[in-house]
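**Student:** Here is what each chain is made of, one letter per residue.
Protein chains: 2
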Amino acid sequence: MALHLAKAGHRLHLWARRPESLRPFRECDAKEYASPAEVAAQVDVLFTMVADGPDVSAVLLGPNGVSSGARPGLVVVDMSTISPETAREMAMRLAVHKVDFLDAPVSGGERGAKEATLTIMVGGKAEAYEKARPLFECMGRTVTRIGASGAGQVAKACNQILVGAGIAAVSEAFQLAQKSGVDPVKVREALLGGSAYSKVLDLHGKRMLEGDFAPGFKAWMHQKDMRIVMEQAGKAGVALPTAALVSQLLNALVGSGLGEEDSIAIYKVLEKLSA
Amino acid sequence: MALHLAKAGHRLHLWARRPESLRPFRECDAKEYASPAEVAAQVDVLFTMVADGPDVSAVLLGPNGVSSGARPGLVVVDMSTISPETAREMAMRLAVHKVDFLDAPVSGGERGAKEATLTIMVGGKAEAYEKARPLFECMGRTVTRIGASGAGQVAKACNQILVGAGIAAVSEAFQLAQKSGVDPVKVREALLGGSAYSKVLDLHGKRMLEGDFAPGFKAWMHQKDMRIVMEQAGKAGVALPTAALVSQLLNALVGSGLGEEDSIAIYKVLEKLSA
Chain V
8 MALHLAKAGH RLHLWARRPE SLRPFRECDA KEYASPAEVA AQVDVLFTMV
58 ADGPDVSAVL LGPNGVSSGA RPGLVVVDMS TISPETAREM AMRLAVHKVD
108 FLDAPVSGGE RGAKEATLTI MVGGKAEAYE KARPLFECMG RTVTRIGASG
158 AGQVAKACNQ ILVGAGIAAV SEAFQLAQKS GVDPVKVREA LLGGSAYSKV
208 LDLHGKRMLE GDFAPGFKAW MHQKDMRIVM EQAGKAGVAL PTAALVSQLL
258 NALVGSGLGE EDSIAIYKVL EKLSA
Chain F
8 MALHLAKAGH RLHLWARRPE SLRPFRECDA KEYASPAEVA AQVDVLFTMV
58 ADGPDVSAVL LGPNGVSSGA RPGLVVVDMS TISPETAREM AMRLAVHKVD
108 FLDAPVSGGE RGAKEATLTI MVGGKAEAYE KARPLFECMG RTVTRIGASG
158 AGQVAKACNQ ILVGAGIAAV SEAFQLAQKS GVDPVKVREA LLGGSAYSKV
208 LDLHGKRMLE GDFAPGFKAW MHQKDMRIVM EQAGKAGVAL PTAALVSQLL
258 NALVGSGLGE EDSIAIYKVL EKLSA
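As you go down the protein sequences, you meet chains V and F in turn.
First residue of the first sequence? That's 8 in my numbering, and the numbers climb one at a time after it.
First residue of the second sequence? That's 8 in my numbering, and the numbers climb one at a time after it.
Treat the hints as calculated values from the structure; they're not laboratory data.
Since this is a predicted model, take the numbers as computed values, not measurements.
Incorrect hints may have been included.
[Claimed, not checked] Once the Cα atoms are required to be at most 27 Å apart in a straight line, the calculated DSS-like pairs of lysine-lysine come out as: (1) V:Lys242 - F:Lys186; (2) F:Lys186 - F:Lys121; (3) V:Lys206 - F:Lys132; (4) F:Lys213 - F:Lys275.
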């Protein structure tokens, strides 16, 4: 994602927890720093992309974090998938330093990141969004401001419900076909032309049938995202039975030692049930 | 569907349980008969389209049914959604009369039928399929022979799992957004551009958000189709937890007195849960 910014002519100011993460930038117009605070002191727009809420909090608000180096007017964009509540908290804590915060989680996986075809779902103030938009457009194909702080994360939660439920449903359909003596390859082809069409049936379904469970998007990350979904459901007071089922299937998948495979390996959990 | 055949220049020989069903054919090159047996005596390819397995059995094998009037070499095509097992039974019972049987359920709803854009999933012998194919192509856009007798019905069962799970997941995503104070219209727009894309999110999702629950495809018919899915899952020995959940949501929908609405009214069941 950062390489696309460099390719578009932007100077990069970099920090990473693991030095090897910076290896791809050796040929770029890029400078490395010793802390998030030092980066924050140099830039107008600062991106974070880490695994979970506590990581974002540490980078932004921890010792030598972004908030301790930021100049007023800085726009901080977190592209990690974290809870809407943590996103809103980050926005409030940074506002004290006159720093704007956008939650801007992405969908599209490793491939979307490499090909700059990500879907980027943004929450935060409209003015801050307008500043960051040209940069988003270097990294993604569909860039949408959903609403106020946290709204990007809510949209991402919705995305993960749809993709997860899609994977479970496609897995079940293929297994019903197989166990009924019918070729799931033929079923998939027929269904792609009708109202059952989905990107999950098309792209993920193809890989399931080829037995290709390499990530893509790792199961443990989808499990983490469904934890966020179910937490948010609890806070918002909304029952999500399908999402709850997907969440349990991901628990079983990670619990089976397959957390490093793609989350389409939900197929294997459902297959094992009736094997 | 039959009107598309007439439009393509085929002479229609018609019978219907309710005379009013034949009203649209008054302007066509069409002749009405007093029983399925009389129709069967006139035609090379005979189509049935009724609600459920017992209806198909009555029309094909009952008194004055197709089998009592059929000439050897007749191809009977049933486009109803019935169980794969009933389809295979029909094929065997008609084979005694040297009549070929194709199960050819469709997906695409009323709109697909009117616009001749149906997905048609066919099970049965390849030679019989080749005879009927030009006629299928008058009615549908995606016509696929899935495999032997019953395979079309298995594919349709898979289709109904995907559409039903899609409706449930989209409903949950929209309600999570709404209850989290985020506009589901914006969420839908953003998600259409990414890996969460599905026809259900696109077409059905739009109607959900507009509050348009007119059929389309009636809830009680989807409930019946999910009964077939779960019966087939039992016979095939495969656990389908997502499909089972969809089936329960449809039970609740029909039980709430909303069986005549579109099956996207699953949205209302899920909404009511947290209202």
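**Student:** For a quick check of understanding: which of the numbered hints are violated here, in increasing order?
**Tutor:** Those not satisfied are hints 2 and 3.
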